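As given, the protein sequences belong to chains A and B, one line each in that order.
For the first sequence, the working numbering assigns the number 1 to the initial residue and increments by one for each residue that follows.
For the second sequence, the working numbering assigns the number 1 to the initial residue and increments by one for each residue that follows.
By construction, these hints were calculated from the structure, which means they are not laboratory data.
Predicted, not measured: the structure shown is a model, and the values here were computed from it.
Backbone N, C-alpha and C define an ideal beta-carbon position, used for all residues, glycine too.
The reader is advised that the hints may include incorrect statements.
Residues on chain A that point at chain B, a partial pick, calculated with CB under 8 Å [claimed, not checked]: (1) P61; (2) G62; (3) A96; (4) V157; (5) V161; (6) K162; (7) P163; (8) G165; (9) S166; (10) G236; (11) R263; (12) T268; (13) N269; (14) Q392; (15) V497.
Derived BS3-like pairs (lysine-lysine); straight-line CA-CA distance at most 25 Å [said to hold, decoys possible]: (16) A/K507 - B/K451; (17) A/K115 - A/K128; (18) A/K6 - A/K47; (19) B/K352 - A/K248; (20) B/K156 - A/K546.
Chain B is nowhere near these chain A residues, computed Cβ spacing over 10 Å in every case [as the list claims (entries may be wrong)]: (21) D179; (22) V200; (23) S441.
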Amino acid sequence: MTGNYKIHGVNGPVVTVSGKTALSMNEMVFVGEKRLLAEVIRVDEKKAIIQVYEETGGLRPGEPVEPTGAPMSIALGPGLLSGIFDGVANPLKVIAEKSGAFIPAGIQAESLGDKLWDVTLRVKKGDKVSPGQIFAECSETGAIVHKSMIPPDVSGVVESVKPDGSYTVNEVLCVVTDDRLNEHEIRLQHRWPIKKPRPVARRLSLTKPLVTGQRVVDTFFPIAKGGAAAIPGGFGTGKTMMQHQLAKWCDADIIIYIGCGERGNEMTNALAEFSELIDPKTGRPLMDRTVLIANTSNMPVAAREASIYTGITMAEYYRDMGYNVAMMADSTSRWAEAMREISGRLEEMPADEGFPAYLPSRLSEFYERAGCTENLNGTEGSVSVIGAVSPQGADFSEPVTQNTKRFTRCFWALDKSLAYARHYPAINWNDSYSEYVGDLSDWYSSEVGEDFMACRTELFSILAAETGLMEIVKLIGSDVLPDDQKLTIETARVIRVGFLQQNAFHKDDTYVEPLKQLKMMRVILYLHHKCRDIIARQIPISEILKKGLFDKLVQMKYDIPNTRLEKFDEYYRLIDASLSELS
Amino acid sequence: MIIEHLGLKQINGALVVLDGVKGAAYNEMAELRLDDGSSRTGRVVQIDGDRVVIQVFEGTKGISLVNTRTRMTGRPIMLSLSPEIVGRIFDGLGRPADGLGEVFPQVRRDINGLPINPVSRVYPRNYINTGISTIDCLMTLIRGQKLPIFSGSGMKHNELAVQIVKQASISDGDNFAVVFAAMGVKNDVADYFRRSFERSNVTGKVVMFMNRANDPIIERIMTPKVALTAAEYLAFDLDYNVLVILTDMTSYAEALREFSSSKGEIPGRKGYPGYLYSDFASIYERAGIIEGKKGSVTQIPILTMPNDDITNPVPDLTGYITEGQIVLDRTLDSTGVYPPVSVLPSLSRLMKDGIGAGYTREDHSMLANQLFSAYARVQDARSLAGVIGEDELSDSDKLLLKYGAAFEARFVTQGANENRSIERTLDLGWELLSMLPREMLDRVDDETIEKYYRKS
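For reference, chain A alone in the conformation it holds in the complex:
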């Protein structure tokens, strides 16, 4: 340690220290008498620039800057799940106990607390351990077993080990001696720098979908486990709602949900809802497999920049245990804006719309931390990243949307006009895409049904045909269309209203498994084909419409409970019976 430095200047969240210092890039430091958490972001001969993760009001020149010698890092260990943290991993519940309803500057708390964990050790004295190896296990929340790992930068021989028992995260459980005879104390927790990806053995190809139970996602624009998706949309189009739905229902083992520069009430709502909802797989509250990171829009902007890295580091940590992790970031635009704000204070040369020139590289670094991997300890895990994007003025040509598009392979474009008509999820089927469809088609064919991809393609083509027809309808009305085209419009309506539109507040419709999705597609197409044949025999479509079959299919998402898929047979019988009267 070289001792403390002194503050020279203050400008918003940016503090300068003058003179040549021994501070290193990305080093964590404490600033001022209140010991505000901060990070070094630029160093040169004349000064060092530090960004402060807390409110800087009241800082004076001459107050101390205390180096720590280590990069900005967070503690990883049991106690993260079911917790709610700020952008730099301070536990908000503990802070509320300490200081009440408002968060003052300069308050910090241990992320993991001093709870005792019932630990079962998995190594013995004399064992050779390698980086990432699981050395102990404990039940973290009842839903998830926490597998404590040797830190990725440690290996060697176990010198001593504690017996099974109750320990806090700070107690030394074993001592490992490496090749150079350095002793490493291994605890339930270890620290990891948030901006450094955790190492893996190798990356695997993506073959399984992240099943979300949302029809427009699973059927039309699926995301792979280990993939990255973007949800861009103007305000009020349902980004947050979508993220909440995915967090509640997707089949990942662990959810990391980051409220990055978003509303406080939303995080309160997420916390309450996730604590109440029971996860069907584990029978435990959803919160038991969830970590919430809440850096709301009025919390310090630099911590908002850090929150994304904090979240992905936690995600990687659970991935290393062999879990499938899904991370929701709402919203990455606020993260980008935090970068812009800090870049502006540093008087850097701006690129597009004032964003720093390194915006694309930061985005790509972040999204590349998603992936399906074989871990150092031989387990397989994945991190899927779903980032919301809030384009200014709902204009998708702005830099954050455009650059995100380059680094994610799944793009769920939310559409204002759909949202205005209360068509949720408001994912526009013409503008959205998923490049994972090809990788995942084998899974759908073998796990759901042979004809899944064929059905999907046909639904798509009906919608595409409708889009073309609507151009004509907008000019001359729908009455003049020939009957087969009217049929296309009717079927497309069923697909839009009965299939793509999904009611998050309906007990059955909120989650629909892929098999039911397929069965719904099959019925819709069955009716479509039948009607096509009848129309070919010159029977007018108005006769068919009188039967009310299309409206019946629109309602089937509500009428068929998820547990009674045999009810689909009734629809086939109904269609056959009604249409046979016509021919």
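Fit chain B to the known structure of chain A by using the hints.
Okay, now just chain B, sitting in the frame of chain A:
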């Protein structure tokens, strides 16, 4: 010991630069005394060694490099608060402006406030009955919400705000208070609000912070912070349900832009500073309810969209922070519809959890959904009619046109003093939907239809 710094180094817009200041704190308040005896208030906005930049709220007119003495107060800008502030009028910085003398402070609070810990928030669920059909039914205002009115110059946002205050106060009774912050509004608009409050007998419950159009511009940057500090005090110390009206946020943003450009910051979209989002958030996020406290802060910010453009940074960034928006529409306004609420782009995000059985009525959510979706189809039919003429429309489209006209005339339109109960509003919705055939109602389940839908 009080040190006074003689003279200034530089004056630039509302900013002055001083050299040789030891130990100034970021964001602290400074007092500038001129030779003619007048004094001004400023705030430290940048420190570089012993050089500090101070933002002067009253502007720098008349200040020279030699006629000013500056004193650092050693504390941030504080607002004096006591229960007596209710019923008083203050200027944009929180100094009494009604000639009734200083407030004897019970507490003094830093106007910057602190972020509410999300863990300590209570998720807002209780709806506020505004008595306005469009708002109550389609974009329900919830206690603790922030719901802005997006308007344009010349539209009736002020009337709407007054009506909301008037009618919301009735359901709240004694615990109701209004904090009114005017930022750069015209004298007669400020006067209109004052008179309307008087006439509807809420004056005794209003705290007003006035920064009129001819008041110092930089002072405007402080006005919402001052007002919200008062609101938080009333809500969380004195248990009031506080409704905060902030008007006009566009003037506020322009003041911020002026300050930012004189500081030489890199501008973002339309010249607004890159941190406009964070700055707005530090205002809007001060709405809410805190666990263990009886009061609440509900915000209705009003902003005029320049050129009626909703993609302008001010409404755009506001919409990203607030929990919905009430959008006013010029076409409706010019056809005499009051309140001219444009139904489709308007939204209340907190509505879903604050309505339905136990709050309003069990059919509320489905009805609202159906009204939205039917009105969206009306717009499609209208645009089609605009191309091919009304006569060429299909029967169902003609019916939609009729429905749309009735919806605007009976549901959207209501008198400036008309206070509709929630039952009346919901029944009216069903009355209108009954104009449409059953098959067109695809957002409602059979049970609800059975109970409320009456084929005319």
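The hints, checked one at a time:
Taking 8 Å as the C-beta cut-off, the interface hint given for A/P61 holds, the closest approach to chain B being about 6 Å. For A/G62, the interface hint holds, the least distance from its beta-carbon to any beta-carbon of chain B being 6 Å, beneath 8 Å. Because the closest C-beta pair between A/A96 and chain B is about 5 Å apart, less than 8 Å, the hint holds. Interface hint status for A/V157: violated, as the beta-carbon distance to the closest one in chain B is roughly 44 Å, over 8 Å.
Proximity of A/V161 to chain B is violated relative to the hint, the smallest CB-CB distance being about 37 Å (cut-off 8 Å). Nearest Cβ of chain B to the Cβ of A/K162: about 34 Å, over the 8 Å cut. The hint is violated. With a least beta-carbon distance of about 37 Å to chain B, the hint placing A/P163 at the interface is violated under the 8 Å criterion. Residue-level restraint check for A/G165 is violated (minimum Cβ-Cβ distance to chain B is 32 Å; threshold 8 Å).
Against a cut-off of 8 Å between C-beta atoms, the interface hint on A/S166 is violated, since the closest Cβ of chain B lies about 27 Å away. This hint holds: A/G236 has a C-beta 5 Å from the nearest C-beta of chain B, less than the 8 Å allowed. Hint on A/R263 holds. Least Cβ distance to chain B is approximately 7 Å, under the 8 Å limit. The restraint placing A/T268 at the interface with chain B holds, with a minimum CB-CB distance near 4 Å, inside the 8 Å limit.
For A/N269, the shortest C-beta to C-beta distance to chain B is roughly 5 Å, which falls under 8 Å, so the interface hint holds. Taken as an interface hint, A/Q392 checks out: its beta carbon lies about 6 Å from the nearest beta carbon of chain B, inside 8 Å. For A/V497, the suggested interface contact is upheld, since its CB lies about 6 Å from the closest CB of chain B, less than 8 Å. Using a Cα cut-off of 25 Å, the hinted pair A/K507 and B/K451 holds, with the two alpha carbons roughly 21 Å apart.
Restraint check for A/K115 and A/K128: not satisfied, since their Cα atoms lie roughly 29 Å apart, outside the 25 Å limit. As the CA atoms of A/K6 and A/K47 are separated by approximately 11 Å, the hinted pair is consistent with the 25 Å bound. Straight-line distance between C-alpha atoms of B/K352 and A/K248 comes to about 17 Å, which keeps the hinted pair within the 25 Å bound. Of the pairs offered as hints, the one joining B/K156 and A/K546 is violated, with about 47 Å between alpha carbons and a cut-off of 25 Å exceeded.
For A/D179, the condition that its CB be more than 10 Å from all CB atoms of chain B holds, with the nearest at approximately 46 Å. The beta carbon of A/V200 is kept farther than 10 Å from every beta carbon of chain B, the shortest such distance being approximately 33 Å. Distance check on A/S441: its Cβ is at least 32 Å (rounded) from any Cβ of chain B, clearing the 10 Å threshold; non-interface status holds.
Hints 4, 5, 6, 7, 8, 9, 17, 20 from the earlier list are contradicted by this structure; the remaining hints agree with it.
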